[in-house]
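Peer 1: So the sequences go chain by chain: A and B. In terms of the working numbering, the first sequence opens at residue 1 and continues consecutively. In terms of the working numbering, the second sequence opens at residue 1001 and continues consecutively.
Rather than coming from a laboratory, the hints here were simulated on the basis of the structure. Quick reminder that beta carbons are idealized off the backbone N, C-alpha and C, glycines included. Among the hints, erroneous ones may be present.
Covered by chain A, according to a simulated footprint, are these stretches of chain B (three or more residues, beta-carbon under 8 Å) [as the list claims (entries may be wrong)]:
1) 1049-1063
2) 1068-1080
3) 1169-1175
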Amino acid sequence: MATDYQRIVKDGLWDNNGVLCMLLGMCPTMAMTTSATNGLGMGLATAVVMAASNLLVALFRDRITQEVRIPVYILIVAAMVTLVDLTMNAWMHELYKVLGLFIALIVSNCLPLARLEAFASKEPVLNSLLDGIFMGLGFTISLTVIGAVREIIGSGTLFADASLLLGPAFKFLEMRILPEDTGVLVMILPPGGFLVAGLLVVAKRILDVRAGKGIQMAGAHSV
Amino acid sequence: MKETALMMIGAALVNNVILARFLGLCSFMGVTTRIDTAAGMGMATTFVITVSAMADWAVQHYVLDAYGLGFLRTVTFILVIASAVQFTEMIIRKVSPTLFQMLGIYLPLITTNCAVLGVALLLVEGNMSLIGATLFAFASAAGYSLVMVIFAGLRERLVLAQVPRLFAGPPIAFIVAGLLAMAFMGFSGISTV
């Protein structure tokens, strides 16, 4: 049984990583990775929604019939998103202002819906909860890494404004890597998002090939 | 008149839905392997975006605002969009069975295309009139279709190119998209809306 959980954790964080392998949830991945802090915040919000909706669907999956499952899934995700949206607006207002539209858009992020359909509708409750948490964390890690790369090259800082957006406890994360005014602006602008995402998928493939695994030709299969 | 025209150009080219706002990227990567599919998808999505923008505008003004139910916005909008998609599916099946066959599974999935929900939410935040909102939605959708078709054209050429094995598939598509986004940055400055 323990190996089962290990597989879920490994799948979520690396082997089946939502962004780098399955290429799901690309919109927030591109839009919210102008800094590592934004990526972290966006990823965590999505992870909460995924864990909660995976849990709910796994609990009720015997009652949700085949014909109406997609609308029900969307409504469950939308309800969770509304909760996260209101919570963040109340207690993390600075971060909420930065992420703005993309909190509500977690509803139409393909990743939560894909995990509900592919995992939570078939597997036991605890497995589904774990899958939600670790798929969400895998998403968070990808977003934070893409954000960090774009932020370091683009503005020379790492986790800038973390204390403002995530709370004073995160002050220790803020640092400046490159001297002031040395950033390559294009990395912060939209094209940089595409370039960094493409190169990171390649980087993951290189690591997988080094580890003796084949290249996963995933992606480009969903709307 | 001039403001409206500038607003529409801004929505279509400068703040392009795909390349500047990063909405609808899944379909951007998913259905752009052939020009005709991309064009069909663009048209269907344009229709859905425009119809659901009008419906969402009405729902926001006459239901949510009137009864102070603003917190239900996400849930109601996604329901309105799902109905609009269903409606579009019925129309396309009647009008063009070929296009219906071609789009297949991607048609119902327009519901989770974040461009649709994104444009609707942008309208609400922008406090536009019904006509302004409809034009904004249509212009944004036209920009979406334009980029879909251009990118499909690029990818048709890309199939013939010799790409390093590690870059094959999605990575090279991302890099091409990055270059396209850079090209579209040339439009910035035309309109600030």
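Peer 1: All the hints need checking, so say for each whether the structure fits it.
Peer 2: Tested hints:
1. Given a C-beta distance limit of less than 8 Å, the hint that chain A covers the segment 1049-1063 of chain B is violated, as 0 residues qualify and 3 are needed.
2. Against chain A, the segment 1068-1080 of chain B contributes 7 residues with a C-beta closer than 8 Å to a partner C-beta. That satisfies the three-residue criterion, and the hint holds.
3. Residue count for the segment 1169-1175 of chain B with a Cβ under 8 Å from a Cβ of chain A: 7. That meets the three needed, and the coverage hint holds.
In this structure, only the earlier hint numbered 1 is contradicted, and the remaining ones agree with it.
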